[in-house]
Amino acid sequence: VNVWKYARAQWDRTTAGALFGLGAVALVLGWIGVSKEALTALQVPYIVSGGLGGIFLLGLGAVFWLSADLRDEWRKLDALEQAVRQREPKETSVQDDWLEPS
Amino acid sequence: VKVTLGRRLEDSPWARRQFGALVGLNGAGLLLLVVAWHVTAHQALLGKQLGWLSVGVVAVLVAAAADVRWLAAGRHALLVRRREVLADQPAVAASSPRSVTSTTDWVQVPGGTRAHRPGCLLIVGKDVRTVQPARLRKAGRRLRPCEVCTR
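Chains as they are written, first to last, in our numbering: chain S, 669 to 770; chain W, -11 to 139.
No wet-lab data here; the hints were simulated from the structure. Just so you know, even glycine gets a beta-carbon here, dropped at the ideal spot from N, CA and C. Hints may contain errors.
[To be verified] Negatives, chain W to chain S, calculated, CB over 12 Å:
1. Q37
2. G100
3. R117
[Said to hold, decoys possible] Pair ranges (Cβ atoms, derived):
4. W:L38 to S:V671: 44 to 50 Å
5. S:R743 to W:R57: 18 to 24 Å
6. W:V22 to S:A709: 15 to 21 Å
7. W:T101 to S:L697: 56 to 62 Å
8. W:A32 to S:V671: 46 to 52 Å
9. W:K114 to S:A675: 30 to 36 Å
10. W:A16 to S:Q754: 41 to 47 Å
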């Protein structure tokens, strides 16, 4: 599988994966920062950037991922609707094999 | 009642307006978060930091609300569309089988218990085999006509 091709075709899921990764890194870095500081006043910036920032990125990643699922389903409905509309009924007589006497 | 949401984004259940709201609110949330971080990083007093910490929490909540609204709108649009598309199907399915002339126009999913017309929507994408009329009559006890495509 060509990774680059896959990433371009699935750009929304790739972005979601990147955001999940960034969110996780932000949370870990925030935790490390907080654990290294003894004073609460010095810990708060890490909570805001690492903690809240990480949650923000994870949420955004979830939006990208779930949006990709919804978009896939939308395209599927497009295809289904198109298939239904393309079926043109032919002008012929009614025939029901099932009811034909044997 | 068909809800008009304005111009749609290409290949997606969302309107441009909804996309604008998502980007705008997430951008605002991110901006508030950066400001909250900047202020808390340059503020030595814990009492003053806590106010900006609350601002950061509100920023995340605003972004989360925008995200939830975006996903709910997408889901709703999909449900409406699905209902519309599926509502069209019985009419097509009912008209199509009766207008086919071929005497071999019954198919069966291997192992299945129903015989379908070739255009039946229940067999879309499935491997099917043709059931000849003579065999169909013989198999009448085991096979029954699909209720959807013969309606």
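Taking the hints in turn, this is what the structure says about them:
1. The Cβ of Q37 (chain W) sits about 5 Å from the closest Cβ of chain S, inside the 12 Å cut-off, so the non-interface label is violated.
2. The Cβ of G100 (chain W) sits about 15 Å from the closest Cβ of chain S, beyond the 12 Å cut-off, so the non-interface label holds.
3. In this structure R117 (chain W) is separated from chain S by more than 12 Å, as the shortest Cβ-Cβ distance comes to about 16 Å.
4. Remark: the range hint 44 to 50 Å for L38 (chain W) to V671 (chain S) is upheld by a beta-carbon distance near 45 Å.
5. Hint check: R743 (chain S) to R57 (chain W), Cβ distance near 22 Å, so the stated range 18 to 24 Å holds.
6. Separated by about 19 Å at the C-beta atoms, V22 (chain W) and A709 (chain S) satisfy the suggested range of 15 to 21 Å.
7. The given range of 56 to 62 Å is respected by T101 (chain W) and L697 (chain S), whose C-beta atoms sit roughly 59 Å from each other.
8. Checked against the hint of 46 to 52 Å, the C-beta distance between A32 (chain W) and V671 (chain S) comes to roughly 48 Å, which is consistent with it.
9. Remark: the range hint 30 to 36 Å for K114 (chain W) to A675 (chain S) is upheld by a beta-carbon distance near 32 Å.
10. About 45 Å separates the C-beta atoms of A16 (chain W) and Q754 (chain S), a value consistent with the hinted range of 41 to 47 Å.
Violated hint: 1 only; the structure is consistent with all others.
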